[in-house]
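Colleague: The chain contents come next:
2 protein chains.
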Amino acid sequence: MRILGIDPGSLVTGYGVIEKDGNYLRHVIHGEIKPQKGSLLSAVLISIYRQLSALIKETTPDAIAIENIFYGKNVRSLIRQAQVRGLVIFTCADQGVALFEYSPPEVKQAVVGYGRAEKRQVQIMVKTILKLSTLPPADAADALAVAVCHANFGKEQPI
Amino acid sequence: MRILGIDPGSLVTGYGVIEKDGNYLRHVIHGEIKPQKGSLLSAVLISIYRQLSALIKETTPDAIAIENIFYGKNVRSLIRQAQVRGLVIFTCADQGVALFEYSPPEVKQAVVGYGRAEKRQVQIMVKTILKLSTLPPADAADALAVAVCHANFGKEQPI
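Those protein sequence lines, which keep their order, are chains A and B. By the numbering used here, the letter at position 50 of the first sequence is numbered 50, and the numbering carries on one by one without gaps. With positions in the second sequence counted from 1, the corresponding number in the numbering used here is that position plus 159.
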């Protein structure tokens, strides 16, 4: 089973694809979608839609996993992130792939074994679990982590 | 000039189209997009995208106006509304129509003449300004109000 993890952010949207074969997890690809600085919000959303649709078409995931929004942010950044997240959820549905949601503690629990782990610990554990040669950038690591989380927990109720 | 106003909500998305001819404002259409209760979020977003795209194609607005999000809400409802709003902004951009944003006090100022007016006053003033025979439902009235606001203020910087 191929899983695409997405970490939608107000500035950067991370993505990571893994392949689950029995208990074995294999890294396929990861990266970050970074709209040009100073772009209009509408241009940012169009750009994320295009890049994410192309990624889904290329990598043909069986499932997509995404994190809940973390409530501790300031309100402006929360709104901006939620706007991007709405577009990301639409894009996945538009491509006809089922989408599953996990909370940040569930994701951290799945990769680090501790629900309140630091970002850096997530990067290191993702590198170890997926046998990467270098540390993935933070947003791509979060995306790979939520994909690993879905590979392990396998929720059945899509959003 | 034809203006589409949109009021994206976590449950109901109101819309209203008006025509501006010099200082004269004419009502074209208004209504509400109400996704089926209990639908998955992904189904809600797909449904809003389809209905809104069809509305834009049918009514061919020259500009679209939308309200800022009101910060006073609880966080869950704020996130849900912002997710819908992100999808609505994408849909307008996808249809190639410029989108302009107004704050709730700007909209109330434009239709009631008082930035802290109640919802009911907005409905009554929208009915009066656009010579409607009945009071429009609250979310459609808010959408017509933001269209009237754009007709009067005419911001030049799209989002």
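Worth flagging that the hints you see were computed from the coordinates, not collected in a lab. Note that CB positions come from ideal geometry on N, CA and C, so glycine has one too. Treat the hints loosely; a few may be bogus.
Unchecked claim - Partner residues are not named here, just some residues of chain A that face chain B (Cβ under 8 Å, in silico):
| no. | residue |
| --- | --- |
| 1 | L11 |
| 2 | V12 |
| 3 | S39 |
| 4 | L40 |
| 5 | L41 |
| 6 | I46 |
| 7 | G86 |
| 8 | F100 |
| 9 | V112 |
| 10 | I124 |
Unchecked claim - To spell it out: a stretch of chain B is covered by chain A in this simulated footprint if at least three of its residues, at any positions, have a beta carbon under 8 Å from a beta carbon of chain A; those stretches are:
| no. | segment |
| --- | --- |
| 11 | 187 to 201 |
| 12 | 233 to 239 |
| 13 | 277 to 288 |
| 14 | 292 to 302 |
Colleague: Hint by hint, say whether it matches the structure.
Modeller: For each hint, the structure was consulted:
Hint status for L11/A: violated, given a least beta-carbon distance of 14 Å to chain B, over 8 Å. Look at V12/A: its Cβ only gets to about 16 Å from chain B, farther than 8 Å, so that hint breaks. Interface hint at S39/A: violated, since its Cβ lies 11 Å from the closest Cβ of chain B, which is beyond the 8 Å cut-off. Below 8 Å, beta-carbon pairs count as interface contacts, and L40/A has one with chain B at about 6 Å; its hint therefore holds.
Using the Cβ-Cβ criterion of 8 Å, the hint placing L41/A at the interface with chain B is satisfied: the shortest such distance is roughly 5 Å. Evaluation of the I46/A hint against chain B yields a held restraint, the C-beta minimum of about 5 Å falling below 8 Å. Evaluation of the G86/A hint against chain B yields a held restraint, the C-beta minimum of about 3 Å falling below 8 Å. Because the closest C-beta pair between F100/A and chain B is about 11 Å apart, greater than 8 Å, the hint is violated.
The criterion of a C-beta within 8 Å of any C-beta in chain B is not met by V112/A, whose closest approach is roughly 25 Å, and the hint is violated. Nearest Cβ of chain B to the Cβ of I124/A: about 30 Å, over the 8 Å cut. The hint is violated. Residues of the segment 187 to 201 of chain B lying with their CB closer than 8 Å to a CB of chain A number 3, which satisfies the three-residue condition for coverage. Check result for the segment 233 to 239 of chain B against chain A: holds, 4 residues qualifying (beta carbon to beta carbon below 8 Å, three or more required).
Proximity of the segment 277 to 288 of chain B to chain A, defined as three or more residues with a beta carbon under 8 Å from a beta carbon of that chain, is not established by the 0 residues found. Only residues whose beta carbon comes within less than 8 Å of a beta carbon in chain A count, and the segment 292 to 302 of chain B has 0; fewer than three means the coverage is violated.
Checked against the numbered hints above, the structure breaks hints 1, 2, 3, 8, 9, 10, 13, 14 and satisfies the rest.
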